[in-house]
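Undergrad: Given the coordinates of chain A, assemble chain B onto it according to the supplied hints.
Chains as they are written, first to last, in the working numbering: chain A, 1 to 317; chain B, 318 to 851.
Bear in mind the hints are in silico, worked out from the structure with no lab data behind them. Using N, Cα and C, we set each Cβ at its ideal position, and we do this for glycine too. Some clues are possibly wrong.
Said to hold, decoys possible - Here are some, though not all, of the chain B residues that point toward chain A, as calculated from beta-carbon distances under 10 Å: (1) 353; (2) 364; (3) 454; (4) 457; (5) 459; (6) 511; (7) 527; (8) 565; (9) 721; (10) 723; (11) 730; (12) 731; (13) 747; (14) 756; (15) 760.
Stated by the list, open to error - Reference listing, derived: stretches of chain A covered by chain B, where coverage requires no fewer than 3 residues with Cβ under 8 Å from a Cβ of chain B: (16) 74–85; (17) 153–164.
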Amino acid sequence: MFVYFLRRLILVLPVAFGVSVICFMLVQIAPGDPLTAIMPVDATAEQQAEMRAAYGLDKPLPVQYVVWVGNLIQGDMGRSIATGRPVAGEVFGAVQNSLLLAVTAALIAFPIGVLLGFVAGYFRDTILDRIVTAISIAGVSVPNYWLGIVLVIIFSVNLGWLPSMGAGPGGSQDWSWDWVHVRHLILPAVTLAVVPIGIVARTVRALAGDILSMDFVTALYAKGMSRGDVLRHVARNAAATALSVMGLQLGYLLGGSILIETVFNWPGSGYLLSNAIFQRDLPLLQGTILVLALFFVAMNLVVDVAQAAIDPRIQRN
Amino acid sequence: MKHLNHGIAALTVTAFASLAWGADAQGTLRIGMTAADIPLTTGQTDQGGEGMRFIGYTLYEPLVSWDLLSADRPSELTPGLATEWSVNEDDQTVWTFRIREGVTFHDGSPFTAETAVWNFDKLLDESSEQYDSRQSAQGRSRIPTIESYRAIDDYTLEITTTEPDATLPYQLSWILMSSQAQWEALDRDWERFAQEPSGTGPWRMEAFVPRERAELVPFEEYWDAERVPQLDKMILIPLPEPNARSAALLSGQVDWIEAPAPDTIPAMEGNGFVISSNTYPHNWTWHLSRLEGSPWNDINVRKAANLAIDREGMGALLGGLMVPAEGFLPPSSNWFGAPEFEVRYDPEAAKELLAEAGYGPDNRLSVKALISPSGSGQMLPLPMNEYIQQNLAAIGIDVEFSVVEWNQMINLWRAGAGDPAVEGAESINFSYFVQDPFTGLIRHLSCDLIAPDGTNWGHYCDPEMQALFEEIRTTFDPEAQNEVLRRTHEKYVNDALFLMVTHDVAPRALSPRVEGYVQAQNWFQNFSSITMTE
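Here chain A stands alone, though its shape is the one from the complex (with noise of 0.2 Å):
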């Protein structure tokens, strides 16, 4: 098991190498230039060319990457244009932030998603299967962004019951598990869920459908195992693919929530990362995509390590 952790652990670094590259060479591509955020229209050529020089702009590429990749190993992500803050301290804040949102998502979707996905696999192709599907599909297919401002228009505008935007009264600095910070999270956690909801549900209806077919279920039953004793069975054979499906989709949940966190102005790595874009701000862009990229790679990571904790087959191949 630990050759297997260490073996996927060192196979991290060349992904990481490879994440920094795109990160570093994507936001280069998108036309656009920096310097607008942090200077007045009317700026001469002469003066954008000093402010170019001062944040190292004017060098090339490759000198760019060089440099920023050796401040990266020192730990300096060096400091937004747009802002002048470290770009840690922004992308680690927001990070927290998503990160929360995220993690109540998950905490919403995946026992909604497994038990929806595992009851309309144990009834297949009964009513109760085709609510289930029809929920998913829905799940899946509505623009989560769509259904934000529809909860928003319900619950905030004409119900008054729960706020529409923010991370609490006095920001997400001052954030607490009481009613007064958790009601800001219901809305943007419920909207964010509904995609993984879907996702897992179905999963987990095709894994427990499958698995609930194989022989080795008759044989359980013939060997006159109780009902509950069979399903727990099938759900340790589902539980690796499911993990592996859910660890994919927090992933998704932290760094794909930009619509979301914009609907909520939720101030997580999303909303981050939206205004990074609009504001050609490189070194929080490259910094945001790179904490979000290495997350994705860390879950993996641990995905892929759980799976064969619960799977050694997985090890053995």
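TA: The following block gives chain B in isolation, referenced to the frame of chain A:
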């Protein structure tokens, strides 16, 4: 997204009756800004006009300020931290400013001529300890002709310019004064200063969460007792997404939003919200290439295009929230003058002019225009430009659009019509501040500001116009200078140098609890008179 806006409007019309107001204490005004972050808080703000409006002119003050107390006349310059100023009669590059006595920063330190010098060094002297590249990036280009400055005594400041420049007082209205004492107390660290800023403005900052909120409270020792804010607190919240802004207002989480989406306005008004708007020095126009081969070099083509635009019809598209252009500057401007060419909707006259230029049904004119799907001050650029496209097509001008994102659009504006990046476009739709002689007139057509050296996008250069610009810069009597500015604007219009379309009216949606707000005809606003009712 437009459909979503309609959805919000339709649903809220019927459902808003049950709205529950927020429970904040009386006297707290919460504002949803369009900016994505709290503007730079160290003195010289970023985020354009909005930054100056909410952080610049609240926490800080310039030497020469804008009169923001009236809604029914264009704002004019007024004494700020300087009570009076004059130019030396023998040497018109030397100005003397009398500094207002008894002014203190929020930290209690006094504002003097020495502090003003320290602030100019902050922007212009790279060798000074307080030089701040971020503030310099914002402020330096606003004061291009300042050569040197010195404190004659505590309350007398002398500024020398590189050449006679009568627009200096306008330039100085951009330059905001930070506290030297506070900067020194905070280990000479602008990053710490950003967290605990100190200016002389009527508001001081009490709390600041980057990207989320800034809380301002009245500065009780403000020098002008009449302009000490009446609110207990003003909270600024970045809300860049228009639907999120509207929802925040409708759900009672904020009391004021900037730039509500036009299609949500009827719903807001129907439910008791107040839409405040007023003309102000804003321009939404097309700049025209004057490079060789451009069809816009023919005055008949330019006049024909201006006569082809149905501006009243466009007003309906914008819910009436616009001022139809009658010239380059808004009709209410002090510098509008009396141009002979009447900017109106007259498609028949437009066709005749186009025929004189050699174009007609059998020889249609084709032009290419750069437009953006959104952007600062752009109002609703896609439908507005499509509307113009239809109007121009009706007289025989076919427009091909090249749509670029706003950040890139700014770069193309700076690059100019001759840059390969504009890919042969002969026109560019842009919107901006036209509040002072430089931003309003000079920068667009001055020969020495042809892009990329400035924002003369179309490479226009005309000796007569250049002479007018020179006269603006050398006419030191304000009323005589206004007269030159009027003549300059008349030439702008008579020569139809732009496609003159419309001006924004800065709509903002306010809760009915907001009282006492007077929307000045200015990009900056006064928040001191506002109160909140129960």
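Undergrad: Does each hint hold? Answer for all of them.
TA: Consistency of the hints with the structure:
1. 353: This interface hint holds because 4 Å falls under the 10 Å limit.
2. 364: Result: holds, 8 Å to nearest chain A Cβ.
3. 454: holds, 5 Å
4. 457: Holds, because the Cβ-Cβ distance from residue 457 of chain B to chain A comes to roughly 6 Å (cut-off 10 Å).
5. 459: With Cβ-Cβ at 7 Å, under 10 Å, it holds.
6. 511: This hint holds: residue 511 of chain B lies near chain A, its Cβ roughly 8 Å from the closest one there, short of 10 Å.
7. 527: Hint holds; residue 527 of chain B Cβ to chain A Cβ min 6 Å, cut 10 Å.
8. 565: holds, 5 Å
9. 721: holds, 7 Å
10. 723: holds, 8 Å
11. 730: holds, 7 Å
12. 731: holds, 7 Å
13. 747: Because about 9 Å separates residue 747 of chain B from the closest Cβ in chain A, which is inside the 10 Å limit, the hint holds.
14. 756: OK, holds: residue 756 of chain B within 10 Å of chain A, min 7 Å.
15. 760: holds, 6 Å
16. 74–85: It holds, with 4 qualifying residues against the three required.
17. 153–164: n = 8 at 8 Å, threshold three: holds.
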